[in-house]
Amino acid sequence: MSEPHRSLSACLRCRRQKLKCGGPSKIPCQRCKVSHAECVFVPPRATQPAANVLDLDAKTDHLERRLDLMERQLRLEIEILRTGLAQNSPTVEPANPHDSLLPPNTAVLSAVSRDITSNTASPTITAGSEWDELYTFFRANCSTVIAVIDDQLFLTSEAIKNHPLMSAVIRTIASRAMRPETYQSHVAAVDKLIMHTFQGPVPDFLGVYAMMLFATWTGRTRLMGYVASVATELRLHEAAVLIGNKDIDHTPELVESARAWFTLCCLDLQMNLSRPFVINNMKQYLGFAKHLVMSPYHRPVDNRICAYIQGFTIAGDLKGKLQDSQMRCKPLSQAAVDLLTSSDEAVDNWLHKMTNKFHPLYQAFPEKQDRNRLLIPFAFMKLYINGLALQGMGSVDDLSLDPVRIGFIQRALDSASLMIQTQYESPGFRRSFKYTMDYSGIPAYYAILFILKALPLAHSFVDSRHLLTRVQQAAEMFEEAGAQDTANELRRDSDLLAELTQTALSPRVAQNSSSDIQLSELFDIPNFLEEMTWDENFPALGIFPWE
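Heads up, the sequence shown is in full-length UniProt numbering, so the first residue is 1 and it goes up one at a time.
Hints are computed from structural coordinates only; laboratory data are not their basis. Since the model is a prediction, treat every value here as computed from it, not as a measurement. The reader is advised that the hints may include incorrect statements.
Think about it this way: if two alpha-carbon atoms lie no more than 27 Å apart in a straight line, the pair counts; the simulated DSS-like pairs of lysine-lysine are [as the list claims (entries may be wrong)]: (1) Lys321 / Lys283; (2) Lys246 / Lys290; (3) Lys353 / Lys290; (4) Lys453 / Lys321; (5) Lys321 / Lys353; (6) Lys330 / Lys453; (7) Lys246 / Lys283; (8) Lys353 / Lys283; (9) Lys59 / Lys192; (10) Lys161 / Lys192; (11) Lys290 / Lys321.
Could you build all of it, start to finish, from the sequences and the hints given here?
Printed below as a string of C-alpha cells:
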C-alpha cells in the first residue's frame, strides 16, 4: 500500500510551520515531543452512505442539465454576436428574392438569420418522436383556428422544425392540449427566444408569423406592437401598397410580404376594436387587400383575409367617425343614429354576401366550417356597433326616455346571445376550448361583459331569462375547459342579476369538469381572463387615427 500524502499524515503544527513530521505512527511526533505538546491530526473523512452517493448523482444530473441549458443560451448569444459583426461586412447579394424588399443592412441580417435558422436546432425540441406528435396534433387541430393566418405555412414539418421560434411556438400551442403541465415552461422558452430578437438581426419572415401566432393564441395583445414594428422594419407595409400598383409584376415574395401585412391588419382589427389600434392609419393599406385574390400566387387564406378586412372595416370606419360626445347626448343625435344604423345594415349585407352570393373576390371557402364560423365575427361586429348606444346611460330612467337607443341595445344583446349560442352549440368549439380559450374565448368574454352591463338598465325591454341562460351556458363552457373559478364567478353574477331583474332561472344540473387540470396550468400570464373585470367600460372608442 502506498504511503499517504505528507499533507495528510503530518500533524497540524508541523503542517502550519511546514516542518517535516514523523506522522501518526509517532504520538507525539519528535518535534511536538520536544515542545511538550500533543500532536493533533486531521480526523479521517467519514465514509458516505449509499444514499448520499445517490443524492450526489441526482445533483450531478441537475447540474448537467443546467449546464446544457446555459450552453444553448450561450450559442444563441454567440449567433447574435456573429450577426452584429456581420453588419460591418461588405454588402452581399440576397440569397432570397424576398430580401429585395429589405434595406441593404436588413438584407445582410436576413441572410445571417437564415444561416442561424438552418444550423441552430430549437432549444425546446428534445426528441423527434415528440416533435412529430406535437406537430401532427397542431396541423390537425390548431392550424386553422385563427382563420386569417395562412395554414399552408405549416405544411412542411422539417422546415418548421428547423426554425427555432416557429417550432417553439407550435410546441407551446400543442402542449397546452396534450401536455398542459409543461405549457408554462414552453411559454417561458418562447419568451426567451423573442427577447433574443430585441437586439441583433431582424427576425425573418417566418419569425414574424411565429410571433403573430404566439401573441394571438395566448392573448398577449401588447406583443402585437412589437410585431408591427418588426413587420415595418421588414418593409411589409410597402409590399401591401406595391401589390396594388398595376405597373409592378407580382412575385411570390411580394405577395407573401403583402399577405403577412394584411394578416397583421386583420389581427389588429379583431383584437383592438375596443382599444387603440396598433397600426397607425391602417385604412390606407386595407383597400389593396383585394389584389391578393387577383394575384396568380393567391392562396385560400387570401379569401378569408379579404372577408375579415371587409367586415371589420365597417366597425373601424364607425370607430373613426363616431365621437364619444355624440353617444352621450340624451336622446341620441340624429347623426349618431344614422351612423349606427348604416353600420349595422352594412354588417348584415356583408354576411349575406359572404354566405349567399358568389362574389368573384370571395368565392367558396375551402370548407363549409369556414362559412359557418363567420357568424362569430358577424355577431361580434354587431355587438360592438349597437353596443356603443349603452354609453352615457346611467339609469333606467335615462334609457326609458330614449326609445331609439333601446332598439340599438336590444340588437346588441341579441348579437351577444347569438355569439354565445354559436359557440355553445358547436361540439368542435367546446372540445377545443380548453386550449384555444385565450383566442376564441375573447368574443364570449365581450358578449358576457355586455350582457352583465346592459341587463341592469334594459331588463324591462328584453328577455332577461333568455340572456341569463346564455350566461349560464358560457359558464358551462368555461367549466368544461377547466376554468372553474371563472365559471363560478359567472354563475354568481347571473344569480345576482336574476334576483335584481326578478327573473326565474331553470335549476342547473351539476356539471363535472372534463378536465382536472389546474387553471394556472391552462392559461398564459397575462391573458384576457386574468385581466378582465366584468364591470369595466364596454366598449371604448379608440384614440388612434383610423384614416
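27 Å Cα cutoff - pair Lys290, Lys321: 24 Å, holds
Would you mind confirming whether the straight-line C-alpha gap from Lys353 to Lys283 stays at or under 27 Å? 22 Å, holds
Given the hint that Lys453 pairs with Lys321, test it: the Cα-Cα distance must not exceed 27 Å. 24 Å, holds
Are the Cα atoms of Lys246 and Lys283 separated by 27 Å or less? 20 Å, holds
Hey, Lys246 versus Lys290, does the alpha-carbon distance stay inside 27 Å? 13 Å, holds
Do the alpha carbons of Lys321 and Lys353 lie within 27 Å of each other, as the hint requires? With a Cα-Cα distance of about 24 Å, the restraint between Lys321 and Lys353 holds, given a limit of 27 Å.
With a cut-off of 27 Å on the C-alpha distance, tell me whether Lys321 and Lys283 pass. 13 Å, holds
Would you mind confirming whether the straight-line C-alpha gap from Lys330 to Lys453 stays at or under 27 Å? Roughly 19 Å separates the two Cα atoms, so the pair holds.
Holds or violated: Lys161 to Lys192, with C-alpha atoms at most 27 Å apart: 18 Å, holds
Does Lys290 lie within 27 Å of Lys353 when you go C-alpha to C-alpha? It holds: about 15 Å lies between the C-alpha atoms, which stays within 27 Å.
Need the status of pair Lys59, Lys192: alpha-carbon distance at most 27 Å? It holds: about 25 Å lies between the C-alpha atoms, which stays within 27 Å.
No hint from the list above goes unmet by this structure.
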